[in-house]
Amino acid sequence: MNIFYYDVAIPIPIRETFTYECKESIQVGSRVLVEFRKKKVVGHIVKAVSKKPNFYTIQISEILDEEPIFKSNDIDILFWLADYYQHPIGEVFDTFCPPTLRKPVKRNIHSRNIQSEYKAFSNDKKVTLNKEQVESLEILNNLDGFDPCLLYGVTGSGKTEIYLRLTDTYLTKGKSVLILVPEISLTPQLEDRFVSRFGDNIGIYHSKKTAKQRYDIWERAQSGELKIVIGTRSAVLCPLNELGVIIVDEEHDQSYKQHEGFRFSARDLSIKRAQVEAIPIVLGTATPSLQTLRLVQEKKYKEAKLLKRANGFKPPGFITLDINDSQLESGIAKESLDAITNTLKENKQVLIFINRRGFSPLYECSSCRWIAECSSCDARLVFHHGLNRLICHRCDSAYGVPKKCPACNSSSLNLQGSGTERIELFLENYFEGTTIIRLDQDTTKKKGSLKEILEMVHKSESAILVGTQMLAKGHDFPRVELGIILNCDSGITSPDINSLEKISQLLIQVSGRVGRKENNGKVIIQTRYPEDKNLLELRSGDYLNFALNNLKQKKELRHPPYSAIALLRTTSPLAKHNINFLHQVNKSAKLKSDMSIIGPIPSIISKSRGNFRHHSIIQASSKIDLNKLIKNIIVLAGSWKETKKVKWYFDIDPIDYN
DNA sequence: AGCACGCCGACT
DNA sequence: GTCGGCGTGCTC
Ligand SMILES: [Zn+2]
Ligand SMILES: [Zn+2]
Numbered sequence: 000m001n002i003f004y005y006d007v008a009i010p011i012p013i014r015e016t017f018t019y020e021c022k023e024s025i026q027v028g029s030r031v032l033v034e035f036r037k038k039k040v041v042g043h044i045v046k047a048v049s050k051k052p053n054f055y056t057i058q059i060s061e062i063l064d065e066e067p068i069f070k071s072n073d074i075d076i077l078f079w080l081a082d083y084y085q086h087p088i089g090e091v092f093d094t095f096c097p098p099t100l101r102k103p104v105k106r107n108i109h110s111r112n113i114q115s116e117y118k119a120f121s122n123d124k125k126v127t128l129n130k131e132q133v134e135s136l137e138i139l140n141n142l143d144g145f146d147p148c149l150l151y152g153v154t155g156s157g158k159t160e161i162y163l164r165l166t167d168t169y170l171t172k173g174k175s176v177l178i179l180v181p182e183i184s185l186t187p188q189l190e191d192r193f194v195s196r197f198g199d200n201i202g203i204y205h206s207k208k209t210a211k212q213r214y215d216i217w218e219r220a221q222s223g224e225l226k227i228v229i230g231t232r233s234a235v236l237c238p239l240n241e242l243g244v245i246i247v248d249e250e251h252d253q254s255y256k257q258h259e260g261f262r263f264s265a266r267d268l269s270i271k272r273a274q275v276e277a278i279p280i281v282l283g284t285a286t287p288s289l290q291t292l293r294l295v296q297e298k299k300y301k302e303a304k305l306l307k308r309a310n311g312f313k314p315p316g317f318i319t320l321d322i323n324d325s326q327l328e329s330g331i332a333k334e335s336l337d338a339i340t341n342t343l344k345e346n347k348q349v350l351i352f353i354n355r356r357g358f359s360p361l362y363e364c365s366s367c368r369w370i371a372e373c374s375s376c377d378a379r380l381v382f383h384h385g386l387n388r389l390i391c392h393r394c395d396s397a398y399g400v401p402k403k404c405p406a407c408n409s410s411s412l413n414l415q416g417s418g419t420e421r422i423e424l425f426l427e428n429y430f431e432g433t434t435i436i437r438l439d440q441d442t443t444k445k446k447g448s449l450k451e452i453l454e455m456v457h458k459s460e461s462a463i464l465v466g467t468q469m470l471a472k473g474h475d476f477p478r479v480e481l482g483i484i485l486n487c488d489s490g491i492t493s494p495d496i497n498s499l500e501k502i503s504q505l506l507i508q509v510s511g512r513v514g515r516k517e518n519n520g521k522v523i524i525q526t527r528y529p530e531d532k533n534l535l536e537l538r539s540g541d542y543l544n545f546a547l548n549n550l551k552q553k554k555e556l557r558h559p560p561y562s563a564i565a566l567l568r569t570t571s572p573l574a575k576h577n578i579n580f581l582h583q584v585n586k587s588a589k590l591k592s593d594m595s596i597i598g599p600i601p602s603i604i605s606k607s608r609g610n611f612r613h614h615s616i617i618q619a620s621s622k623i624d625l626n627k628l629i630k631n632i633i634v635l636a637g638s639w640k641e642t643k644k645v646k647w648y649f650d651i652d653p654i655d656y657n
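For the first sequence, the tail end lands on 657 under numbering that gives the first Met the number 0, and the numbers increase by one without skipping.
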């Protein structure tokens with residue numbers, strides 16, 4: 000009798016697969032139940048093995064799928080992921096397996112006969128497209144095969160309407176559409192627009208949905224019953240039948256990169272998917288990433304442009320306000336307060352952006368300079384007024400607030416600096432009677448609270464909105480006429496590799512919330528560096544011009560996107576273990592002349608959960624070279640004694656070095 | 001990741 | 001003597 004052999008990927012942090020035998024033939028991409036170290040686990044068949052292996056194999060306990068959950072295109076993509084990010088294959092397969100199917104259960108396959116009707120309801124505001132929109136839609140409708148295209152649309156230019164029309168084009172052809180969005184927080188608006196246009200037979204797929212809901216969408220998408228799926232990172236490989244196009248909204252958004260565990264970029268992955276499936280992909284944003292801009296410049300990506308807001312207005316530029324000689328009240332300058340007063344008088348709303356939540360980011364003793372820090376993270380504690388606790392934003396530990404300095408027993412302890420909470424309290428006092436709305440992680444933690452807050456913004460007439468990044472992302476606040484950016488100097492002076500890209504995107508996104516309804520919005524940037532070259536360049540609000548200059552510099556310096564980098568991070572209870580390991584890497588790695596390793600460097604978060612953190616930056620001139628170099632290091636490191644003392648991982652295309 | 005195996009310190 | 005500490009190594 001014939002015995003078949005298969006390589007099975009098991010969800011553990013090991014790069015290898017394990018070979019099992021089976022009396023029946025199994026399709027690659029199916030899940031199986033196997034005994035692994037005496038325990039039953041769900042694994043994935045990744046490859047058929049033609050020859051009997053020269054080691055002992057055990058039988059596959061159960062074939063879980065009659066129809067494989069991953070098709071041949073998916074398998075190609077999953078192998079690419081494991082190779083590109085050098086991540087254990089079993090974990091890669093597991094990541095894209097819906098949670099329900101990680102358990103040894105049979106699939107609940109939906110019949111292919113259920114065909115849904117999608118009809119664009121044209122009564123959803125009879126919007127006529129302007130000239131730019133017509134031209135852009137024309138470009139997008141004509142994309143063919145693997146055909147990436149940037150949709151550059153300034154804030155408020157009506158990108159969503161273009162997405163809707165493009166979706167309609169594909170539905171008419173009997174194709175399905177996948178729309179990726181950065182985070183759940185801003186999806187409701189996009190979601191609502193799609194539902195009111197195409198009805199509610201739309202799959203909404205993100206990590207806040209229950210496993211059951213997600214699995215249901217997954218099966219309905221695969222059967223062809225669902226033709227529109229809107230989702231976050233975890234939805235990139237959602238198995239839509241007859242997928243026609245992928246739309247990535249806010250393609251520049253950093254949250255597309257997973258920053259824990261398997262550090263893949265969902266944007267880059269979706270581009271890979273489009274390539275493997277030979278379909279177009281649309282990257283929509285008001286602030287394109289440098290990576291995308293480079294590829295547009297080199298004509299590898301097409302481009303469609305919406306340079307005007309749908310109502311014909313342009314987003315406001317910036318006014319820089321020198322605060323070197325200003326008296327600040329809770330971080331706000333007198334001039335800013337006056338501007339707020341004026342805006343409120345006109346019955347309009349004000350948006351205040353600050354990159355910090357909590358009351359105050361620094362609790363300090365004025366006589367001995369003692370600073371409240373987290374005992375396990377080496378990070379400064381942030382005072383939260385509502386909780387009356389000092390909180391570590393790294394590990395969420397809460398500490399009581401000492402009345403006397405633990406170091407010198409002095410009672411002159413000060414709260415330095417302002418976060419959203421302090422500003423909210425200050426404004427409530429200063430502008431008594433005015434509605435103050437705070438929008439940050441702390442006020443939106445509860446389910447539905449974001450929706451509530453947004454409704455409040457829309458209901459209110461004059462109001463002040465105070466918030467962090469969340470406030471800058473994609474919202475439509477028609478009454479906001481004034482924006483104030485309180486502290487972006489850290490972003491301007493930071494030497495971090497992406498800091499200019501990040502800060503310029505942030506400023507533009509903030510200005511994108513302002514003056515959307517009427518054409519007299521303004522945005523004030525409070526800064527101690529009013530003469531900063533980059534700030535001056537950005538002042539007009541012309542992101543593209545700024546980004547192209549930035550790109551030119553990256554080219555000269557051979558920084559990404561004109562080179563590829565990886566971060567090699569180590570953690571261990573003893574700093575010297577990290578350093579020894581990273582030195583061994585420097586000594587042994589085979590570097591060509593266009594490659595470099597910079598390190599070991601203590602990481603910005605130098606300690607976490609009692610472990611020291613160090614890193615090296617590995618650079619090569621292409622992604623392919625970088626990939627080879629990393630594989631070389633992994634092989635070499637397998638035989639060093641230094642390797643055993645540390646935990647280590649690579650972060651490919653890192654977005655920060657923290 | 002888990003889990004067994006093994007070789008040293010401090011317990012009944 | 002032996003209980004258990006976690007450093008090291010292996011998993012089809
Ligand atoms: Zn003190
Ligand atoms: Zn901490």
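Be aware that a few hints might be false.
Claimed, not checked - For lysine-lysine, the following DSBU-like pairs were computed, each having C-alpha atoms within a straight-line distance of at most 35 Å: (1) 299 <-> 105; (2) 516 <-> 591; (3) 299 <-> 472; (4) 521 <-> 591; (5) 118 <-> 105; (6) 174 <-> 211; (7) 105 <-> 51.
Think of the hints as simulated: they come from the structure by calculation, not from any bench.
task: Quickly compare the C-alpha distance for residue 105 and residue 51 to 35 Å and report which way the hint goes.
output: holds (29 Å)
field: 35 Å limit on alpha-carbon distance, applied to hinted pair residue 299 and residue 472
entry: holds (28 Å)
query: CA of residue 521 to CA of residue 591, is that 35 Å or under?
result: Roughly 51 Å separates the two Cα atoms, so the pair is violated.
message: Can you confirm whether the C-alpha distance between residue 299 and residue 105 stays at or below 35 Å?
response: Not OK: residue 299 and residue 105 at ~43 Å, beyond 35 Å, violated.
message: Between the alpha carbons of residue 516 and residue 591, is the straight-line distance 35 Å or under?
response: violated (56 Å)
field: Pair hint residue 118 and residue 105, alpha-carbon separation not exceeding 35 Å
entry: OK: residue 118 and residue 105 at ~34 Å, within 35 Å.
query: Does the structure keep residue 174 and residue 211 at a Cα separation of 35 Å or less?
result: Satisfied, since the Cα-Cα distance of roughly 25 Å is no more than 35 Å.
Hint violations for this structure: numbers 1, 2 and 4, all remaining hints satisfied.
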